[in-house]
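Novice: Sequence:
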Amino acid sequence: MRSNIFLLGNSPVLLELIINHFNSNEFANKIFVLEDDIYKVQNIKNLEPTLLKVISFDEGHQLISNKENNPKLYIGVSSTPIKRFNVYESFTQENTTFPNIYQKSAKLSNYCKIYKGSYFGEYTTIEPNSEIGEFCFIQSHSHIGHDSKIGKFSILGGSVTINGGCKIEDFCLIGSAVTIINNKIIGKGSVIQAGTCITKDIPPFSFVHGNPCKILPIEFLGKDFANIKKI
Numbered sequence: 003m004r005s006n007i008f009l010l011g012n013s014p015v016l017l018e019l020i021i022n023h024f025n026s027n028e029f030a031n032k033i034f035v036l037e038d039d040i041y042k043v044q045n046i047k048n049l050e051p052t053l054l055k056v057i058s059f060d061e062g063h064q065l066i067s068n069k070e071n072n073p074k075l076y077i078g079v080s081s082t083p084i085k086r087f088n089v090y091e092s093f094t095q096e097n098t099t100f101p102n103i104y105q106k107s108a109k110l111s112n113y114c115k116i117y118k119g120s121y122f123g124e125y126t127t128i129e130p131n132s133e134i135g136e137f138c139f140i141q142s143h144s145h146i147g148h149d150s151k152i153g154k155f156s157i158l159g160g161s162v163t164i165n166g167g168c169k170i171e172d173f174c175l176i177g178s179a180v181t182i183i184n185n186k187i188i189g190k191g192s193v194i195q196a197g198t199c200i201t202k203d204i205p206p207f208s209f210v211h212g213n214p215c216k217i218l219p220i221e222f223l224g225k226d227f228a229n230i231k232k233i
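Each number in the numbering used here comes from the position in the sequence shown (counting from 1) with 2 added on.
Just so you know, these hints were derived from the structure itself, not from any lab. All figures in this text were calculated on a predicted structure; none of them were measured in a lab. Hints may contain errors.
In silico DSSO-like pairs for lysine-lysine, Cα to Cα no more than 27 Å straight-line [as the list claims (entries may be wrong)]:
id, residue 1, residue 2
1, Lys85, Lys232
2, Lys186, Lys169
3, Lys32, Lys118
4, Lys109, Lys169
5, Lys190, Lys85
6, Lys42, Lys109
7, Lys190, Lys225
8, Lys202, Lys231
9, Lys169, Lys115
Pairwise CB distance ranges, derived in the manner of DEER restraints [to be verified]:
id, residue 1, residue 2, range
10, Gly212, Leu49, 21 to 29 Å
11, Leu53, Asp226, 30 to 38 Å
12, Ser81, Lys231, 12 to 20 Å
13, Gly212, Ile40, 34 to 42 Å
14, Glu133, Ser58, 32 to 40 Å
15, Thr201, Lys55, 44 to 52 Å
16, Phe59, Pro101, 18 to 26 Å
17, Lys55, Pro130, 35 to 43 Å
From the three backbone atoms N, C-alpha and C, an ideal C-beta is built for every residue, glycine too.
All chains, please: the whole structure from these sequences, using the hints.
Specialist: Shown next, in the form of structure tokens:
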């Protein structure tokens, strides 16, 4: 039975992937995009006006609460882990499923473990014995080395390299082109600035920047990031 697809918040790369799946496989009855930002709504409508139905988050809640819809949900929000988590929290119902979704060029080992609700971008690679937690968002050309673990709701920018044996705890935000050398731990809720090379363990709730890297408390980035401590 084909399901209705709901994209929770606009993500251009994810939306294009869903549209391509729809056109090639007809794997859905309808595609709904939930978005409250007027500017983003207009941009979405310009893409595929006959294929997509753009609705507000409130309208989406009403549709998804109807158990006859049998919906599949994809979280498009990927700016910060806490925003991604908050979207998930507002749509946890018995009748919903959160599938993983992959670009065709993504290479995932047969011997890694992938939990629900994650996105894997173009040319991402996941090596054996690695584990990807729920609702991660891994952007293009990023690499997860063998025996590594990525915690739930973590977001990796493009061209991130996580070498073997690393542990990225829950709710981390790793900027583009970050390199983490072997066997390092990134503590829960930490933010790593783009281009940083991590050569030591990072405490939970840290903001890390520069080369050599400097560690600041997460409060340095403001309350929107510091609120991760409440989860």
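Novice: For every hint, state whether the structure bears it out.
Specialist: The hints, checked one at a time:
Taken as a hint, the Lys85 and Lys232 pair is honoured in the structure, with Cα atoms around 13 Å apart against an allowance of 27 Å. In summary, the hint linking Lys186 to Lys169 is supported, as the alpha carbons are separated by about 6 Å, within the 27 Å threshold. For the hint linking Lys32 to Lys118, the alpha-carbon distance of about 22 Å falls within 27 Å, and the restraint holds. The straight-line distance between the Cα atoms of Lys109 and Lys169 is roughly 20 Å, inside the 27 Å bound, and the hint therefore holds.
Between the alpha carbons of Lys190 and Lys85 the distance comes to roughly 15 Å, so the proposed pair stays at or under 27 Å and holds. Among the hinted pairs, Lys42 with Lys109 is inconsistent with the structure: their alpha-carbon atoms are about 31 Å apart, more than 27 Å. For the given pair, Lys190 sits about 16 Å from Lys225 by alpha-carbon distance, which is consistent with the 27 Å threshold. As the CA atoms of Lys202 and Lys231 are separated by approximately 22 Å, the hinted pair is consistent with the 27 Å bound.
Proposed proximity of Lys169 and Lys115 is supported: the alpha carbons are some 14 Å apart, at most 27 Å. Here the CB-CB span from Gly212 to Leu49 is close to 39 Å, at odds with the stated 21 to 29 Å. Between Leu53 and Asp226 the C-beta distance comes to about 34 Å, which sits within the given range of 30 to 38 Å. The given range of 12 to 20 Å is respected by Ser81 and Lys231, whose C-beta atoms sit roughly 18 Å from each other.
Between Gly212 and Ile40 the beta carbons are some 38 Å apart, a value that agrees with the proposed interval 34 to 42 Å. The beta-carbon spacing between Glu133 and Ser58, approximately 36 Å, falls within the hinted interval of 32 to 40 Å. Restraint check, Thr201 to Lys55: a C-beta distance of roughly 48 Å satisfies the suggested window 44 to 52 Å. Taking 18 to 26 Å as the suggested C-beta distance range, the pair Phe59 and Pro101 conforms, at roughly 20 Å.
Checked against the given bound of 35 to 43 Å, the beta carbons of Lys55 and Pro130, roughly 41 Å apart, stay inside it.
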